[in-house]
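Undergrad: Each chain, written out:
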Amino acid sequence: MKKHFLLISGLVLSLNLSAQLSFTQQNVSASGTYKICVVDMNGDFLDDIVSVDSNNINILAQTETGEFEIHNYPTTTANNLPSWSIAAGDFNGDGYNDLLYGGGGGATFMFSNGSGLTYHEETPGEYIFSQRTNFVDINNDGHLDAFVCHDVEPNVYYLNDGNNGLEYHQGGLGDYPTGGNYGSVWVDYNNDGHIDMFIAKCGGGEARYTDQLYRNNGDGTFTNVAQEANMDNKCQTWSSAWADYDNDGDMDAFIGASSFSTGGHILMRNNGDGTFTNVTAGSGLDTYTGTSLEHAPADFNNDGYVDIFGNSNRVLLNNGDMTFTPVIVPFSSASIGDLNNDGFLDAFTFGTVYYNAGNSNNWLTINTIGTESNRNGIGARVEIYSAMGKQIRDVRSGEGFAHMSTLNTHFGLGTDTSIDQVIVRWPSGIVDTIENPDINTTLVIVEGDHQMGVKDIESNAFSIYPNPVKDVLHVKGKSMENVNYEIHHITGQLVQKGKISNGNINVNSLGKGIYVISIIQNGKKSNLKFIKQ
Amino acid sequence: MLFLSILTVVFSCSSDNDGSPEDEGEEISPVVFDINAVPYPKLSDYNFFKTPLSDMNPVYGVIPYEPISTLFSDYALKKRYIWMPEGVSASYLSDGQSLDFPVGTILIKNFYYEHVVPNDSKKILETRLMIKMENEWKFANYVWNDEQTEAFYDMNGTYVPVTWNQNGETKEVTYRIPNGAECVTCHNSNEIPLPIGPKPQNLNKLFAYDTGTQNQLQKLKDFGYLTDFPDNIQTVVDYHDESQPLELRVRSYVDINCAHCHSEGGFCNYRAPRFAFEKTSQPENLGICIVPDENIDPYTNGGNPTHIVTPGHHDKSVIFYRLSTTLENIRMPLRGRTLVHEEGVAMISQWIDSLEGNCE
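Protein chains in written order, with the numbering used here: chain A, 1 to 533; chain B, 1 to 360.
Hint data in this document are derived by calculation from the structure and do not stem from the laboratory. None of the hints are false.
Calculated pairs, DSBU-like style, for lysine-lysine (alpha carbon to alpha carbon, straight line, at most 35 Å): (1) K234/A <-> K279/B; (2) K138/B <-> K234/A; (3) K316/B <-> K234/A; (4) K205/B <-> K109/B.
Work the whole structure out from these sequences, hints included.
TA: Take a look at the structure:
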């Protein structure tokens, strides 16, 4: 009798948990003081745990078995620490992500040296009271730039000249004289293919803390359209969470309050015409009393509706109808990524990984590799179409306030068992379309490899799988036996060559990263990119 | 040699370095001030101090002052002076507001350390000026050279490593000389630049001038720098003075160290505390039993504070952890310190532990 009762209570418990969220904790040996970054660092696109000290980058590299390999990369003593934020992105285009530390006295870059095995510091030296930092291609020249919110002056950014040169700019992207700029997020709010920017603002007088929305005019200029867009909110906020919460094809915004002194949380629905409507009343966010510096979007339960996480040990679960239900989770203010590659988003904060126990929902993870656009594909709009409709994501570096979360694009599919189409609209204007991809796996999309209507004979000469690959790359195409191939690292270095045998190429000895395989057939060379894990 | 002896004569004639009433009308301040030309490139251009500059020995009209309750700045020592042009004077606004200074006023604040390693010497790092222009205060920062012979106008901000001995202990700091933009973070109300220290409530005490000991406000009035002031000023106490009531010491401490941001017109006006002396007779303005907006549990080594100030329990009080850390994103005050003010933390902790009641 007693046994029976326990069984029932156990069942009730598990039902209750699957209706909400369940996480298991594991302490990991992240040794750096600043434990606010989850992103791939070794080029295999599996999320790693990054923690830094003034003279060291500690990386817990995710392996296939779910264990972490510990790596420490000494650096020069950083002039600025990521006291206020950290961002990651492949600024120098060498296939490995670089880091940007947002400190109270300025910004410091840690650039990978073409291998992800050594890093060198670059500190431009301008005084910046840094807040949120982002990597984003501001001038759309194909090279990532770096943006830094300034607490006490107009915002600043460093343009990348493509040769690792940093060109300092101040002005045009949030110019209030005494700053008040806390949380920038780069998002295409009007679906015109140009990436815009919203700034969550706080402190001082009303003009200082009124939020700003900068529309990218597509010609290198930006215009603050917050008032006409109805986004000139006046709550005290350090960050906003942007996602298409109602899956109607445009990005909505949650403006999360850091204090209730000038109003509470705000939920803004995108009207699809460049304006927004305040739909906070009755959304469940109007009665949510938690305050936080951190608010960021993530679909934790893979139901296809993006949730919001922040502080106060709560995830605000999206009910699918523009209402949200706060559920208790064991973490606050975390970096988010998939730390065991199971398709469910996990959290990392203060040395502890919170593994998402998951559920039966389906999912898709996408790795974007830019060619014309920046290597990460930051700023790309990713769309998927399935039975439940359309979902969209932007590839973003730097969401929430301080943390860096995965650069992989993650979709929950709910109970949908297939995807009709994946479309990636790259910052370059290139559009790639993939029909009927496999689900519950990772899909690598290289910019330009799947353009509709473009008969790219060279890239169609052969195909490869799996991608990402671990040991053996399978090559499919006409008359592939004994054909010569070459494999170059993305930086151009020839790393392997030979002849294809039984349709296979053993790539076991390659280091992790992005590679280009070339096949030479009848005097013609065809290329494809793949990720070695 | 001849030049030097002339100088000596001139200075010996004006040996009264801070002026006395009977000098008024007779002696003219030798300070050089052209409102259209300031800030000057060098500190010596103003002629605030006699030679050698590093003695900080003021000329006639440059009057020293000292707030009763002082800002902690990584244990830096400070010497402050005030100068005004001929024929103008400041007026009293209220006990808790800085004096209403006339155009042309210059507030001078030298930051230095003594017993600096290895020569046990004095090292002046910077001299900050606030100059009252036609419309608003202008900040001008002068960074001293290693030879201690001159300070140069520099608003870029820099770091200077300093090691010194204090009370038998060797201390180290990477001293921050602020960038111009940093000044206004603290020195503002409603984003209008403002002095912080020279409030009547913070000046109303005796000071040992060369001419004798006198009340600072009375001195300013006698010299013609202040029109008048009331005789019932609600005055802060020196928080170092253990003979004063603990609560008054704490209220005086948070007034000068915290209130410039934590006030209605300050940069951190969106958080609950209001630390100005005239506000802190209300317990909630000190953060007592106020639930913090931001959860800082992970930074508290298991302390998990529940309120900004939890009566009887400094280890359950956010303010204790904010004052006890050097982590830039957690520490308070945000600006002006990279070290922990151990004496301040001890006093605040003692006060919290002395409070009775609970927050239920």
